[in-house]
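Asker: Sequence lines, in order, name chains W, H and C. Take the first sequence: its position 88, counting from 1, is numbered 152 in my numbering, and each next residue is one higher. Take the second sequence: its position 107, counting from 1, is numbered 354 in my numbering, and each next residue is one higher. Take the third sequence: its position 215, counting from 1, is numbered 280 in my numbering, and each next residue is one higher.
One thing to keep in mind: the hints can contain errors.
Only part of the chain H face toward chain W is listed, based on derived beta-carbon distances under 10 angstroms [unchecked claim]:
id, residue
1, E286
2, V295
3, I349
4, A350
5, A351
6, T401
7, D411
Chain W stretches covered by chain C per the calculated footprint, using a threshold of three residues with CB under 8 angstroms from any CB of chain C [stated by the list, open to error]:
id, region
8, 377 to 383
9, 464 to 474
Worth flagging that the hints you see were computed from the coordinates, not collected in a lab. Keep in mind that this is a model prediction, so the values were computed, not measured. We put the CB at the ideal spot given by N, CA and C, even for glycine.
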Amino acid sequence: MTAPLATPKKKNPVQRTRLATLPPGARSRSALGLTRAAAEGRFELQVCADCATVQYPPREVCGHCLSEQLDWQTVDNHGELIATTTLRHSNDLYFRERLPWRVGTVKMAAGPVVVAHVHEDCAASGTVRLTLKLDRSGQAVLHALPEQDTPNMNDAAQLRESTCDPKHRRVLVTDGKSAMGIAVARAMLDAGAAAVFLGDPTPWKTVAAYDTLIEDERVQPVDLDVTDTDSVDRLAASIGGKVDLLVNTASYLRGNPGEGGILGRKDVILARDAMEVNVLGLMRLAQAFGPGMRFRAADGTNHAVAWVNILSIHALAPLPARGAWSASMAAALSAALTLRAELAGTGVRVVNIFPGPIDEEWEQLTPPPKLSPAAVAKAIIHALKDGVEDVYVGDIAEEIRARLRENHKAVERELGQ
Amino acid sequence: MTQPVLAQFMTELLSGRLKLVDLTQTLAPEFPTIVLPPEFGQAWPFRVEEISRYDERGPAWYWNNFSMSEHTGTHFDAPIHWVTGKDQPNNAVDSIPVDNFIAAACVINTSAESADNPDFLLTIDYVTRWEEQHGRIPERAWVLMRTDWSKRATPKDYLNMAEDGAHSPGPDAEVVPWLIRERNVHGFGTESIGTDAGQAHHLNPPYPCHYYMHGNNRYGLQCLTNLDQLPPQGAVIFAAPLKIRNGSGSPLRVLALAPSA
Amino acid sequence: MSARPRLGYDGVVVNLPVTIPYARYSTHSAHWWLGRALGELIRGSGLAKRDVDGVCVSSFTLGPDTAVGLMQHLGMSPRWLDHIPMGGASGVVALRRAARAVQAGDAEVIACIAGDTNQVDSFRNTVSQFSRFAQDAVYPYGAGGPNASFALLTDYYMQHYGATREDFGKLCVAQRDNALKNPHALMKKPLTLAQYLAARSITDPIHLFDCVMPCAGAEGYLVMTEDRARALKLPFTRIRSTIERHNAFPEDPIQFRGGWAMDKDDLYAHAGTGPEEIDFLETYDDYPVINMMQFEDLGFCAKGEAATFVREHSFTLDGSFPFNTSGGQLSVGQAGAAGGYLGFVQAVRQLTGTAGATQLAKARLGMVSGFGMINYDRGLCSGAAILERGQV
Numbered sequence: 065m066t067a068p069l070a071t072p073k074k075k076n077p078v079q080r081t082r083l084a085t086l087p088p089g090a091r092s093r094s095a096l097g098l099t100r101a102a103a104e105g106r107f108e109l110q111v112c113a114d115c116a117t118v119q120y121p122p123r124e125v126c127g128h129c130l131s132e133q134l135d136w137q138t139v140d141n142h143g144e145l146i147a148t149t150t151l152r153h154s155n156d157l158y159f160r161e162r163l164p165w166r167v168g169t170v171k172m173a174a175g176p177v178v179v180a181h182v183h184e185d186c187a188a189s190g191t192v193r194l195t196l197k198l199d200r201s202g203q204a205v206l207h208a209l210p211e212q213d214t215p216n217m218n219d220a221a222q223l224r225e226s227t228c229d230p231k232h233r234r235v236l237v238t239d240g241k242s243a244m245g246i247a248v249a250r251a252m253l254d255a256g257a258a259a260v261f262l263g264d265p266t267p268w269k270t271v272a273a274y275d276t277l278i279e280d281e282r283v284q285p286v287d288l289d290v291t292d293t294d295s296v297d298r299l300a301a302s303i304g305g306k307v308d309l310l311v312n313t314a315s316y317l318r319g320n321p322g323e324g325g326i327l328g329r330k331d332v333i334l335a336r337d338a339m340e341v342n343v344l345g346l347m348r349l350a351q352a353f354g355p356g357m358r359f360r361a362a363d364g365t366n367h368a369v370a371w372v373n374i375l376s377i378h379a380l381a382p383l384p385a386r387g388a389w390s391a392s393m394a395a396a397l398s399a400a401l402t403l404r405a406e407l408a409g410t411g412v413r414v415v416n417i418f419p420g421p422i423d424e425e426w427e428q429l430t431p432p433p434k435l436s437p438a439a440v441a442k443a444i445i446h447a448l449k450d451g452v453e454d455v456y457v458g459d460i461a462e463e464i465r466a467r468l469r470e471n472h473k474a475v476e477r478e479l480g481q
Numbered sequence: 248m249t250q251p252v253l254a255q256f257m258t259e260l261l262s263g264r265l266k267l268v269d270l271t272q273t274l275a276p277e278f279p280t281i282v283l284p285p286e287f288g289q290a291w292p293f294r295v296e297e298i299s300r301y302d303e304r305g306p307a308w309y310w311n312n313f314s315m316s317e318h319t320g321t322h323f324d325a326p327i328h329w330v331t332g333k334d335q336p337n338n339a340v341d342s343i344p345v346d347n348f349i350a351a352a353c354v355i356n357t358s359a360e361s362a363d364n365p366d367f368l369l370t371i372d373y374v375t376r377w378e379e380q381h382g383r384i385p386e387r388a389w390v391l392m393r394t395d396w397s398k399r400a401t402p403k404d405y406l407n408m409a410e411d412g413a414h415s416p417g418p419d420a421e422v423v424p425w426l427i428r429e430r431n432v433h434g435f436g437t438e439s440i441g442t443d444a445g446q447a448h449h450l451n452p453p454y455p456c457h458y459y460m461h462g463n464n465r466y467g468l469q470c471l472t473n474l475d476q477l478p479p480q481g482a483v484i485f486a487a488p489l490k491i492r493n494g495s496g497s498p499l500r501v502l503a504l505a506p507s508a
Numbered sequence: 066m067s068a069r070p071r072l073g074y075d076g077v078v079v080n081l082p083v084t085i086p087y088a089r090y091s092t093h094s095a096h097w098w099l100g101r102a103l104g105e106l107i108r109g110s111g112l113a114k115r116d117v118d119g120v121c122v123s124s125f126t127l128g129p130d131t132a133v134g135l136m137q138h139l140g141m142s143p144r145w146l147d148h149i150p151m152g153g154a155s156g157v158v159a160l161r162r163a164a165r166a167v168q169a170g171d172a173e174v175i176a177c178i179a180g181d182t183n184q185v186d187s188f189r190n191t192v193s194q195f196s197r198f199a200q201d202a203v204y205p206y207g208a209g210g211p212n213a214s215f216a217l218l219t220d221y222y223m224q225h226y227g228a229t230r231e232d233f234g235k236l237c238v239a240q241r242d243n244a245l246k247n248p249h250a251l252m253k254k255p256l257t258l259a260q261y262l263a264a265r266s267i268t269d270p271i272h273l274f275d276c277v278m279p280c281a282g283a284e285g286y287l288v289m290t291e292d293r294a295r296a297l298k299l300p301f302t303r304i305r306s307t308i309e310r311h312n313a314f315p316e317d318p319i320q321f322r323g324g325w326a327m328d329k330d331d332l333y334a335h336a337g338t339g340p341e342e343i344d345f346l347e348t349y350d351d352y353p354v355i356n357m358m359q360f361e362d363l364g365f366c367a368k369g370e371a372a373t374f375v376r377e378h379s380f381t382l383d384g385s386f387p388f389n390t391s392g393g394q395l396s397v398g399q400a401g402a403a404g405g406y407l408g409f410v411q412a413v414r415q416l417t418g419t420a421g422a423t424q425l426a427k428a429r430l431g432m433v434s435g436f437g438m439i440n441y442d443r444g445l446c447s448g449a450a451i452l453e454r455g456q457v
């Protein structure tokens with residue numbers, strides 16, 4: 065059984081920091097269908113629309129009936145582990161540094177035979193659960209897990225290579241005075257984070273929940289205003305080498321619905337203020353903290369691992385009643401995707417959270433369902449533990465996401481009403 | 248005739264018998280700006296982005312872009328800032344006649360009272376008692392209310408926000424029209440974030456300093472510092488806002504000339 | 066099995082086995098190795114260059130060239146040209162293509178050559194660009210190269226059929242004994258079973274001496290009519306029968322048998338012989354487990370009984386069941402695609418009496434089998450040929 069992950073030792077300051085290596089990331093275009101599923105935590109393989117044969121590895125035409133109608137579908141993820149091996153040698157730099165490494169052959173109940181990473185708690189043969197997770201290259205890989213959860217299974221070294229578990233990690237929560245920031249900080253502490261740096265953009269403002277939170281010795285209050293380059297740079301100079309996980313909770317939403325469109329306003333100040341926080345703030349944080357995280361992407365068991373952006377489902381489909389803010393969310397998403405590409409070379413994962421409306425002051429007039437900040441924080445923890453990178457939180461986000469796939473024009477027209 | 252006066256002025260200045268006092272706060276991102284209820288438009292704080300610093304963005308030079316509102320940092324309020332002054336002639340920073348940028352100043356020291364009571368309000372009675380001691384306020388002089396508020400080091404202490412809003416000293420609703428009517432003052436200046444008290448929205452009229460001063464084409468100065476280095480009477484203030492077209496105010500460098508003690 | 070009777074290979078023979086001595090690493094390109102093999106064949110045959118009117122090429126490291134580019138490089142103008150990208154099955158498959166071409170008169174003399182260079186990075190480059198399925202579904206799991214794939218099927222084979230490391234070791238040790246008599250073999254030192262068993266694990270249950278050593282080298286042979294061979298006074302071997310099969314048994318969850326199992330009856334029927342008549346066997350041996358499968362699937366023992374078969378024979382040149390008489394890839398080295406020719410060329414040596422110190426006392430009928438292309442989780446190509454000593 066997996067031993068619980070030990071508290072990382074303090075770093076030896078005269079030892080060189082090892083740079084990140086990545087597992088092989090080249091994939092055929094078809095195989096990126098696996099990555100799409102893994103990014104959202106689904107288990108999908110191609111299924112032939114004509115003969116229902118489940119395919120693996122991904123194909124262009126059905127290996128059974130040669131139909132080109134291959135659809136990605138959720139399939140039964142169970143299978144029998146029929147052979148295993150433990151790699152004790154590899155020519156690949158990434159695996160060389162992580163040996164021994166266990167892989168196996170799984171005959172899936174759905175049909176195909178797959179090679180998968182095999183969890184240390186799996187017996188040499190028997191039923192396993194397959195999951196699709198992103199590895200450090202950002203591409204999907206199959207992990208064979210025990211049929212039932214085992215204690216500490218997330219602590220297994222191989223599995224941790226596909227996840228971003230906050231356990232023993234140090235987390236920067238950029239705006240700790242917002243309800244979201246407080247919820248995220250609490251969730252990180254509950255998930256075993258070693259430390260939370262709690263950003264304070266408004267030292268002049270008293271927030272009781274913030275004051276309560278910083279009484280916890282694991283929480284360190286830090287001044288941080290993402291609209292102020294100097295403030296961001298100063299903080300990065302101070303703690304940039306200690307941030308293993310960054311959750312950008314800094315967010316700007318103002319105006320009641322209908323006051324935040326384009327024609328509904330006389331100026332672009334609201335838009336500009338939204339861009340300042342939601343877009344330029346993200347970029348400032350990236351420029352200040354990205355280099356340190358990139359450098360520390362393989363620095364011990366608690367190496368820098370993930371960057372979380374709390375966006376909105378309206379990054380994908382604007383809510384015209386909040387048009388300026390929606391535009392800032394779309395821009396933030398675009399910036400986040402660039403950051404994802406820029407950090408990809410080191411394995412630091414950019415996780416984008418797409419919630420529906422949050423139950424907060426500026427959504428007072430938005431009818432339910434609305435998400436509590438705690439629910440979003442919980443989704444973030446799950447995303448990090450499960451190793452996914454795109455998370456649609458709540459019924460509204462999931463519905464808009466599903467409907468965008470069905471008919472994005474319908475979404476466009478209906479959100480505009 | 249002018250020549251000898253200026254030459255004499257320079258002699259006094261160079262000899263040290265006259266001193267220049269900088270009444271300006273440093274513009275820095277963390278310097279607070281006024282906080283309005285969040286549904287209102289907000290003034291931008293001072294923000295600076297480096298353009299280049301002898302690097303690949305500009306090898307031999309250093310410079311910055313900055314942004315802020317007209318009412319960030321030590322700043323000047325023009326009459327057009329307030330609705331009561333919107334129809335006054337020459338009411339914007341670009342149209343105010345430049346001779347208004349030099350004026351005498353009276354410094355009323357309320358620092359003891361302000362230390363005891365952050366909601367301290369300057370009254371007619373207080374001013375008349377001050378005049379008994381320091382002499383009558385001259386025509387077209389700035390009245391500067393010294394509170395030592397500028398010595399509050401952190402934004403939190405400076406803004407002094409509570410659940411019911413900011414708490415900082417200022418004039419009451421009677422003294423402002425009295426200063427205009429009875430003393431024909433040039434304007435009113437403070438060390439805190441506005442010319443009005445932190446709780447001035449509860450006065451009648453709300454924000455009386457803005458209401459009356461600008462309604463009478465007078466000016467405001469706020470976020471001043473070093474008022475403790477000025478005499479109660481006898482200083483001269485240089486306060487020239489940036490020439491922003493139709494500007495409601497402007498950050499500026501405020502300099503005082505005063506006899507050395 | 067096809068209802069139509071297959072034609073025999075009457076009048077077509079194989080001769081002039083050549084090997085360009087292997088090197089662990091080479092600064093030359095594949096062109097150099099292939100060119101040298103072709104040169105040896107032409108000089109050895111006594112033919113003019115233009116008389117070789119057909120060429121068949123196998124190589125992994127020839128890129129960006131193909132067989133076509135190689136012809137210009139070597140100044141050849143063949144009227145028949147083929148490129149066989151089938152790895153370990155290339156030797157047998159090249160024979161099948163060439164023999165039919167000569168038989169049909171499309172070419173008179175065909176040079177079949179295979180060779181690869183091995184520069185320090187060649188193996189990793191070949192592996193990383195080997196196949197799409199491997200790129201998508203094998204390399205991301207740390208299996209850079211066939212070690213892990215073979216480890217998995219070895220694990221399965223051991224679990225199901227009771228083969229032990231000692232059984233694999235016995236084959237490796239016997240092959241090393243044979244290799245000590247082969248001047249071309251890169252492995253020059255004897256190997257004991259104790260050394261085999263004590264070797265470090267590479268990828269459980271594959272240990273160091275279960276793995277071949279990548280190297281540079283080339284192999285070749287000629288295919289021509291028997292009449293031409295007699296005219297040139299070149300000893301030759303006849304072709305009694307051949308088979309090939311690709312992607313056999315796709316429904317098997319893991320490879321425990323190869324395509325030979327589908328075609329062995331055809332192989333023997335076409336040759337008019339049986340396994341008991343075969344004097345020696347040259348298999349494709351990149352890992353010992355695949356030798357076991359070939360014993361079974363080619364009918365030398367029943368499925369699952371290879372371990373017992375191994376325990377009953379010695380596999381050495383002078384013992385029972387002579388096997389991989391050159392030492393095989395496990396002891397000679399794996400020169401890329403030439404590995405798919407190694408056993409074939411050695412068989413032609415045995416059957417033309419040119420095997421030198423490795424020459425068997427009795428070598429009338431020999432079998433060569435090939436196996437290649439771990440495209441995803443298993444080897445896809447299999448082939449075999451039964452060859453017979455020709456009477457000059």
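Asker: Look at each hint and say if it fits the structure.
Answerer: We went through each hint and held it up to the structure:
1. E286: At about 8 angstroms, which falls below the 10 angstroms cut-off, the nearest Cβ of chain W leaves the hint on E286/H intact, so it holds.
2. V295: 7 angstroms, holds
3. I349: 34 angstroms, violated
4. A350: 32 angstroms, violated
5. A351: 34 angstroms, violated
6. T401: For T401/H, the interface hint holds, since the closest Cβ of chain W sits about 7 angstroms away, which is under 10 angstroms.
7. D411: Cβ of D411/H sits 12 angstroms from chain W, so the hint is violated.
8. 377 to 383: Result for this restraint: violated, n = 0.
9. 464 to 474: This one is violated; 0 residues, fewer than the three required, reach chain C with a Cβ under 8 angstroms.
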